[in-house]
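Visitor: This is what each chain is made of:
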Amino acid sequence: MTDGAALGRRLREGDRSAAPAALNVIEDRSPAGRSAALELLAEVSTAAMKGEAPAHLIGVTGPPGAGKSCLLSALVAAWRAAGRTVAILAVDPSSKRSGGSLLGDRARIDHDPADDGVLIRSTAAGMRLGGLAPPTREAAEALAAAFDVVVVETVGVGQSETDVEQVCDTVAVIVQPGSGDTLQFLKAGIMEVPDILVVTKADLGDVALAARRDLAAALRSLGRRETPVLAVSSLPPPSGVDELVAALDAHRAALDLPAVRTRQRRLAALAEFTFESGERALRALGGRREAEKLLAAQDPALSVRDLLAVLEQQSR
Amino acid sequence: MRTYAGHSTARESNALYRKNLEKGQTGLSIAFDLPTQTGYDPDHELARGEVGKVGVSIAHKGDMHTLLDGIPLGEMNTSMTINATAAWLLALYLTVAEENGVDRGALQGTTQNDIIKEFLSRGTYAFPPGPSLRLIADMIAFTVDEVPKWNPINICSYHLQEAGATPAQEIAYALSTAIAVLDAARERVPEETFPRVFGRISFFVNAGIRFVEEHAKLRAMGQLWEEIGRARYGVTDERFLRFRYGVQVNSLGLTEAQPENNVIRIVLEALAVTMGRDARARALQLPAWNEALGLPRPWDQQWSLRIQQILAFETDLLEYPDIFEGSVVMDGLVSEIVDAARAEMATVEEHGGAVDAVNYMKTQLVESHRARVAAIERGDLKVVGQNVFTSTEPSPLREGSDGGILTVDPAVEEQQKDAVTEWRSSRDQSAVDAALSQLSEAARDDSINIMPATLACSAAGATTGEWAGALREVFGEYRAPTGVADAAMAPDDEALSELRDRVETVSEGLGRRLKILVGKPGLDGHSNGAEQIAVRARDAGMDVVYEGIRLTPARIAQAAVQEGVHVVGLSILSGSHLELIPSVLAELRDAGVDVPVVVGGIIPEADAEKLREAGVARVYTPKDFEISRIMGDIVDLVADRNGLAAAPAAA
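Protein chains in written order, with my numbering: chain L, 1 to 316; chain Z, 1001 to 1651.
Since the hints were derived computationally from the structure, they do not count as laboratory data.
Computed from a prediction, not measured in an experiment: that's the story for all the values here.
Incorrect hints may have been included.
[To be verified] Pairs of lysine to any residue residues, derived as SDA-like cross-links and limited to a Cα-Cα distance of at most 25 Å, are as follows:
hint	chain 1	residue 1	chain 2	residue 2
1	Z	Lys1019	Z	Gly1632
2	L	Lys293	Z	Arg1196
3	L	Lys50	Z	Asp1501
4	L	Lys96	Z	Gly1070
5	L	Lys96	Z	Glu1498
6	L	Lys96	Z	Ser1368
7	L	Lys96	Z	Gly1511
8	L	Lys96	Z	Leu1406
9	L	Lys96	Z	Gly1509
10	L	Lys96	Z	Pro1481
11	L	Lys96	Z	Lys1019
12	L	Lys96	Z	Ala1495
13	L	Lys96	Z	Asp1501
14	L	Lys96	Z	Ile1630
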């Protein structure tokens, strides 16, 4: 049987070569796999790490064809040039009918196969309707112990940012010039305002400029004028990539990291509890508000699994 | 009349050309190897196993001199199957002509130069779509005055049919490509020259086995082409409006099972493009009967040449005016195809034209091909010897010691590697450096034509890899869309749902969903087969990591490790399986990956045996047309390797 704890310890010590096997364990839904995964995750928990994992967890999301893969190619090159190691979790939707999936992002993200400082793992969103599957959150948690930057890449506009937000420190939404979806969703309040908006294909010139202007105007009207809107071109000669790296770093530097991650763990535990046990169980706790209060009273370092256990115990 | 030929070294290909010319061939059709087609020198990592394999290796003007030695260039009509690096190979050809004292104005021939179909089907692209289109436009602007008898581009609907296109799609995507090219060229030539540019555009089409419909397709294409010339570009001169095309008949329908039947298919397909005078091909090129088995030998090519000679000289085919004139059936068929093609062209236009619609067109092709493959599997589409009438006597054609195919000596690669090193050390390096930096400058400035700088590089002795490398620096690398992600699901049927149950059962045992890596090692870009496997694996319920084409063994191993896959599927059609597959296996072993590896491709049985000995779990060839069965094998292999009880077998 796989020794989950040993894999977790290796990750905690910065051994990146343990990452693929660790991800196999985390994705394993069999009872034996689950218990190995829990041992593994315990080794990379906030308590075991003696503080929050220092990795920068970045969510990159946007509609298909917006240029996410090109942008990630450019970001990977920039991060590697600066000596930072990078793990990318590329999440693609699963077919509702067959349960299978076609995971094509790996082919589109440029990387050097000889460079062990880059890991790309394609994962299927699974059959769960909407949102990130639990293995994605746990995978991000595990990778954060060993990599400097962990990117969670998802497809979509409108809904998925909310889930990515529960996993990542910084969320960047990628907007393709000429498509008005993001603008409409922002204005209508369907979509949360992301931390950073990136307009791709800046080489298109006027169209990209117009998209950037419209987004900035929308943010002003929402009272969020401080949210950066950047234009990036990944085609040679690339432009705007360094500025984006700086903006991502600046956002992260301004965060109260322990507070943000604690809040995320509590939200994730609540979401997971509701999914697993249902609204009825939530009512047994006295409703969402009471459940939130219960979580807020817990030790901030408690992991999602521990928090979930607290909720389950209380609801019986 | 010619046959598509060239292999190994320039010297051996030269001998082959001279022999073919003696046999009555009237032109040259040069096949280049994949490194030359994609802009790599023989000693580049990606060239491994591919040097001299599907064509001749040409790394510099010295090779071109050897290739054309003793051939009267002023009298030749030379067709070069070259696309991404067309500007470079044309420059080498012009340099050799000049150094042999032949006037540019006398040179006749064609560079294929259709990059869109490389993105859609054939995979030998080098640069992103924008810069690629610019190179084509530059060549058109250059040749129209400098090499006036040259056809700078030959738009290929051929490969679209190979990728699965229906007749309407074949016409629509080829003509949309022509429009994209002409629009780009229009900006680079004087207005009065433009009608001549239009007149120099030629096509390379495919003719399939449904030869009556195929003939109608060509009539439809000619009609639409003239319409485009008049309406969109205002061309009025009849000479420039003629739809000029050459043909290679279909290879897709050629079977590995009972391969002798392919000769009959080739004859019928040749009839499709010669029957009616109003839509008759200007150049005809026939494949060899054994293409689905491996590389054709000189004798196989001679047989194809003889087919053409019999049609031309023994039959009465060429004695009549158009035999379909006034045919109600033919006219009806033509107008049906015209309407469908027009509608599809409008859709491409809505997607922003051929360049922006690459992803859309690719997805449509994957979808059409999926439907075709499924129809053969179900038996709705009958292929004699493959899915009907399959019992056969042993074929005497395959009894020779060579197994009925040509094999290329692997030593060629080492020779070429040494030769290119030798070449680099014996030239004036400062002249090469100066020419290459001039090339980079020209590439960066969109208003400069790339051809003069390219000719300077050629004359100075630069290599294919150096020319393409300088342009890659400026233009960037590119990976074409795969079309698989958006491909529609196969309709549910019993076989598929039974397969899904097995995938579910095994996934349950594995703890996570069965995950497969599909990719193509080496430079071979014919991805149709790999795409069909990837799409079907998804439909069967697997998680599929599709890595696409042009993968090094190291990259495949890295993907297998990082993705945690349970099985690896590799596809390779260029014939370099014996060089590449063992090194993929070695890399996987070094990386500690212990998963079954299955391989598909044009692999002779003797080679298949060697691959199995090297550790490949299963080898599939074109005769294995039942993808469902391949999927079933894969599920069993994974179950077996992971010690799971065998999944319930097919009922």
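Visitor: Are the Cα atoms of Lys293/L and Arg1196/Z separated by 25 Å or less?
Guide: violated (79 Å)
Visitor: Within 25 Å, alpha carbon to alpha carbon, are Lys96/L and Lys1019/Z?
Guide: Not OK: Lys96/L and Lys1019/Z at ~59 Å, beyond 25 Å, violated.
Visitor: Compare the distance between the alpha carbons of Lys96/L and Gly1070/Z with 25 Å, and conclude whether the hinted pair is satisfied.
Guide: violated (64 Å)
Visitor: Under the criterion that the straight-line Cα-Cα distance not exceed 25 Å, is the pair Lys96/L, Ser1368/Z satisfied?
Guide: Holds - the C-alpha atoms of Ser1368/Z and Lys96/L are around 22 Å apart, at most 25 Å.
Visitor: Would you check the hint for Lys96/L and Ile1630/Z, treating anything up to 25 Å between C-alpha atoms as holding?
Guide: Measuring from Cα to Cα gives roughly 23 Å; hence the hint holds.
Visitor: Check whether the Cα positions of Lys96/L and Glu1498/Z lie no farther apart than 25 Å.
Guide: holds (17 Å)
Visitor: Run the distance test for Lys96/L versus Pro1481/Z: straight-line Cα separation, threshold 25 Å.
Guide: holds (23 Å)
Visitor: What's the verdict on Lys96/L and Leu1406/Z, does the C-alpha distance respect the 25 Å limit or exceed it?
Guide: Not satisfied, since the Cα-Cα distance of roughly 47 Å exceeds 25 Å.
Visitor: Going straight from one Cα to the other, do Lys96/L and Ala1495/Z come out at no more than 25 Å?
Guide: holds (18 Å)
Visitor: Measure nothing beyond the straight line between the CA atoms of Lys96/L and Gly1511/Z; if it is 25 Å or shorter, mark the hint as holding.
Guide: holds (20 Å)
Visitor: Straight-line Cα separation of Lys96/L and Asp1501/Z no greater than 25 Å?
Guide: holds (15 Å)
Visitor: Is the hinted pair Lys96/L and Gly1509/Z satisfied, with a Cα-Cα distance of at most 25 Å?
Guide: With Cα atoms ~21 Å apart, Lys96/L and Gly1509/Z stay inside 25 Å; holds.
Hints 1, 2, 3, 4, 8 and 11 from the list above are not met by this structure, while the remaining hints are.
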